[in-house]
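A.B. asks: Chain by chain, the residues run as shown.
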Amino acid sequence: GAGVSQTPSNKVTEKGKYVELRCDPISGHTALYWYRQSLGQGPEFLIYFQGTGAADDSGLPNDRFFAVRPEGSVSTLKIQRTERGDSAVYLCASRLTPGELFFGEGSRLTVL
Amino acid sequence: DAKTTQPTSMDCAEGRAANLPCNHSTISGNEYVYWYRQIHSQGPQYIIHGLKNNETNEMASLIITEDRKSSTLILPHATLRDTAVYYCIVRAFTSGTYKYIFGTGTRLKVLA
Numbered sequence: 001g002a003g004v005s006q007t008p009s010n011k012v013t014e015k016g017k018y019v020e021l022r023c024d025p026i027s028g029h030t031a032l033y034w035y036r037q038s039l040g041q042g043p044e045f046l047i048y049f050q051g052t053g054a055a056d057d058s059g060l061p062n063d064r065f066f067a068v069r070p071e072g073s074v075s076t077l078k079i080q081r082t083e084r085g086d087s088a089v090y091l092c093a094s095r096l097t098p099g100e101l102f103f104g105e106g107s108r109l110t111v112l
Numbered sequence: 001d002a003k004t005t006q007p008t009s010m011d012c013a014e015g016r017a018a019n020l021p022c023n024h025s026t027i028s029g030n031e032y033v034y035w036y037r038q039i040h041s042q043g044p045q046y047i048i049h050g051l052k053n054n055e056t057n058e059m060a061s062l063i064i065t066e067d068r069k070s071s072t073l074i075l076p077h078a079t080l081r082d083t084a085v086y087y088c089i090v091r092a093f094t095s096g097t098y099k100y101i102f103g104t105g106t107r108l109k110v111l112a
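In the order they appear, the protein sequences are chains Y and W.
Count the first sequence with the working numbering and you get residues 1 to 112, in order.
Count the second sequence with the working numbering and you get residues 1 to 112, in order.
Don't read these hints as lab results, they were simulated from the structure.
Keep in mind the model is a prediction, meaning the values are calculated, not measured.
We treat Cβ as the ideally placed atom computed from N, Cα and C, and that holds for glycine.
Heads up, some of the hints might be wrong.
[As the list claims (entries may be wrong)] Simulated pairs of lysine to aspartate or glutamate, DMTMM-like, Cα-Cα distance not exceeding 20 Å: (1) K3/W x E83/Y; (2) K3/W x E71/Y; (3) K52/W x E100/Y; (4) K99/W x E100/Y.
[Unchecked claim] Stretch-level coverage of chain Y by chain W, calculated; a stretch enters the list once three of its residues show a Cβ under 8 Å from a Cβ in chain W: (5) 21-29; (6) 97-109.
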């Protein structure tokens, strides 16, 4: 596809369940970012990948959150033992050179 | 990381210029200023960026003060479709990572 693709667009789960959110970046983009956006707030940085490795995971809130990018393309954000406070829109962005970030439409997670 | 401060909200009449200010008084010499906007339920969209000089593209103009401590995004002829949240971001280079740190943004409402 031409843009960053995120699936699912909406996910409703119960407290305590495990969730995976997928990001398919623009082809050839080596850098990939995950952000979390709560209602009325700006996007909050979670983690940054350069290629396959997590170059900066300082924004992950705790060890329930984990992300992978095994082949340097698609990335999966994994959340264990979900809590109601994890409810947010999770945004993925990619870029090629140090410059413009291209964002996906986000995955809206609701934890009941 | 450099922080940005923006007014919470602004109104602008359709067809008039919208001038959105941003303060980034702690910006470092090699840190760029980026502007994004987010229309309801969509991912952030890139508008423009700059380092020292004023910049213009088909969407907007960016005016950066000589001391680089503040900037203004100008939408020359605002339309109803420009109603969105506008984020001013400083792109920081920290520990080998380019980080794009969002604030809470300015909610611009364009009035008919």
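A.B. asks: It remains to establish, for every hint, whether it holds in the given structure.
C.D. replies: Evaluated hints:
As the CA atoms of K3/W and E83/Y are separated by approximately 29 Å, the hinted pair breaks the 20 Å bound. A C-alpha spacing of about 34 Å is found between K3/W and E71/Y, which places the hinted pair above 20 Å, so the restraint is violated. With a C-alpha separation of about 17 Å, the suggested pair K52/W and E100/Y falls inside the 20 Å cut-off, and the hint holds. Restraint check for K99/W and E100/Y: the C-alpha separation of about 12 Å stays at or below 20 Å, so the hint holds.
Counting residues of the segment 21-29 of chain Y whose beta-carbon sits less than 8 Å from any beta-carbon of chain W gives 0, not enough to reach three: the coverage restraint is violated. Counting residues of the segment 97-109 of chain Y whose beta carbon lies closer than 8 Å to any beta carbon of chain W gives 9, which reaches the threshold of three, so the coverage claim holds.
In summary, the structure is inconsistent with hints 1, 2 and 5 from the numbered list given earlier, while agreeing with the others.
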